[in-house]
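J.: Below are the chains, spelled out letter by letter.
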Amino acid sequence: MSEPESPELIDSRDIDPEFINQIIEAGADRIRSCIQCGTCTAVCPSGRRTAFRTRQLIRKAILGLKDEVVSNSDLWLCTTCYTCLERCPREIKITDAILTMRNIAVREGYMLPPHKNISKKLIKTGHAVPLDKANQVKRKKLGLEEIPPTVHAHEAALKDVVNIIESTGFRDLIESKGKEG
Amino acid sequence: MTETQTYSFFLGCVMPNRFPSLEKSIRVVLPKLGIHLEDLEGASCCPAPGVFRSFDENTWLALASRNLALAEATGNNLVTGCNGCYGTFKEALHDVREDPGRLRNVRKILKGIGINYQAKIEAKHVIELLNELGSEGLKPHVSRPLDNIRVGVHYGCHLLKPSKQRPWPKTQKPTFLDELVEATGATSAKYKNKNLCCGAGGGIRGSNVPLADDIAKEKLGNLLAVGVDAIINVCSFCHLQYEQAQIELNKELGEERYNIPVLYYTQLLGLAMGIDPVELGLNMHLVDTSHLLEKVEVQS
Ligand code: SF4
Ligand code: SF4
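Heads up: the protein sequence lines correspond to chains A and B, in order.
Letter 89 of the first sequence, counting from 1, is numbered 89 in my numbering, and no numbers are missing.
Letter 87 of the second sequence, counting from 1, is numbered 87 in my numbering, and no numbers are missing.
For the record, the hints were derived by calculation from the structure and aren't laboratory data.
Be aware that a few hints might be false.
Stated by the list, open to error - Here chain B is said to cover these stretches of chain A; the calculated rule only asks that three of the stretch's residues, wherever they fall, bring their Cβ under 8 Å from a Cβ of chain B:
#1 101 to 110
#2 139 to 148
#3 153 to 166
Unchecked claim - Computed footprint of chain B on chain A, listed as stretches where at least three residues anywhere in the stretch have a Cβ under 8 Å from a Cβ of chain B:
#4 45 to 53
#5 80 to 88
Backbone N, C-alpha and C fix where the C-beta goes; we use that ideal spot for every residue, glycine too.
Based on the provided sequences and hints, a complete structural model is requested.
T.: Set out below in structure tokens:
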């Protein structure tokens with residue numbers, strides 16, 4: 001039975017053999033040994049309530065269907081719980097493969113708007129979840145330092161963090177326009 | 001163990017900036033058990049594995065290594081109370097130790113900001129330190145046994161997995177946290193699908209609240225079915241998830257169905273050690289804890 005969201009025929013122009021090589025190089029070295037048993041789909045907490053199908057994603061990756069994979073926002077439904085990785089009979093590092101596919105999606109300009117926002121927070125404050133006024137008050141009530149001894153309390157440390165973010169190209173990656181999909 | 005051990009305390013984001021009560025409970029409880037915590041000055045986001053590792057592995061690895069290097073420079077090992085940060089540090093150490101090319105690259109980036117990094121440090125979880133003391137080590141500190149309290153234990157995914165890079169006994173059904181919970185006198189209730197993910201990770205909490213809440217709802221429902229006084233976690237992000245999801249689910253339902261107090265392990269242990277609930281920040285939770293606290297009071 002064909003799955004409705006996949007085309008019946010795969011056009012050779014849609015195949016990018018480099019895609020699977022990148023996934024293998026990044027660590028999911030056994031991915032080609034997938035037997036399509038579906039264990040990964042069966043144990044997935046996200047797949048149980050969404051259209052996300054781990055087995056299908058792995059199949060598409062092996063086939064090299066890069067554009068289809070990276071442009072589909074289902075790629076962002078994995079909670080990275082590692083259950084599939086623990087249970088795969090072929091010991092494929094499935095979660096790592098998903099992380100690599102997400103990295104490629106971001107480089108291709110696909111990023112969800114809330115994820116872009118959280119990245120901007122990191123670039124600006126060094127924290128994904130920066131301190132707010134309400135929690136500053138809570139800290140004081142608890143007898144903790146009002147400003148925690150993190151980058152929040154050390155300007156030079158924040159500069160170092162921003163320096164790293166710029167040297168790896170992350171700032172450019174986030175501030176480029178992208179497809180926000 | 002009678003000797004004092006010293007660790008660099010890595011806070012992360014959620015604990016100091018959203019749930020400082022968790023931080024407070026760790027800072028109050030650990031020194032009483034002979035574990036000395038030193039502030040790790042100038043640390044940043046770990047960075048969060050589900051989001052930043054998903055976006056750009058190199059940036060994630062470089063920032064994680066910076067935090068590790070800051071601790072390494074103090075001569076202490078690092079300790080964190082968040083499963084996400086724990087996962088980041090365990091994986092970041094594993095990655096550079098396995099691949100010398102990656103280590104070289106990270107060292108080059110860090111050299112650019114004047115930091116030397118050997119990747120010789122270890123990253124531990126607060127619960128790992130308590131587990132090293134073990135139930136027998138904790139029991140002498142329990143002055144108010146929580147004998148009438150029944151809780152549901154939530155381990156959290158990144159505490160346990162990938163299991164090859166974790167220190168716990170290799171099993172599908174871990175028991176160490178249940179044992180530490182029972183050292184307080186409380187009962188760890190059996191419930192369905194106990195190892196289910198909290199649903200917050202992987203960028204889901206930030207990008208897809210309905211999905212995050214739906215995953216949380218399954219475990220919360222399983223806990224309501226067996227009846228517990230609290231859900232016990234060891235992760236600031238799982239903690240946030242179970243607090244926030246209950247508020248959101250109730251709002252959606254238009255009734256107060258989900259009202260299970262969410263406690264971090266050191267808050268439960270702190271109660272059993274006779275520490276004032278206010279000092280443990282238990283009056284600051286999103287889900288009201290007063291019913292649980294009344295039960296604890298009645299007991300003592
Ligand atoms: S569990 Fe492993 S072998 Fe089975 S379908 Fe998933 S990736 Fe393939
Ligand atoms: S790691 Fe992702 S794909 Fe695998 S079971 Fe968990 S949510 Fe599903």
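J.: Using C-beta distances, would you say chain B covers the region 153 to 166 of chain A, given that this needs three or more residues below 8 Å?
T.: Contact hint for the region 153 to 166 of chain A vs chain B: holds, 10 residues under 8 Å.
J.: Quick check: do three or more residues in the region 139 to 148 of chain A have a beta carbon closer than 8 Å to a beta carbon of chain B?
T.: With 6 residues in contact (Cβ-Cβ under 8 Å with chain B), the coverage given for the region 139 to 148 of chain A holds.
J.: According to a criterion of three or more residues whose C-beta lies within less than 8 Å of a C-beta of chain B, is the region 80 to 88 of chain A covered?
T.: holds (count 6)
J.: Go check the region 101 to 110 of chain A versus chain B for me, would you? Three or more residues, Cβ under 8 Å, otherwise it fails.
T.: holds (count 3)
J.: Checking C-beta pairs, does the region 45 to 53 of chain A have three or more residues closer than 8 Å to chain B?
T.: holds (count 4)
Against the hints set out earlier in the document, no violation occurs for any number.
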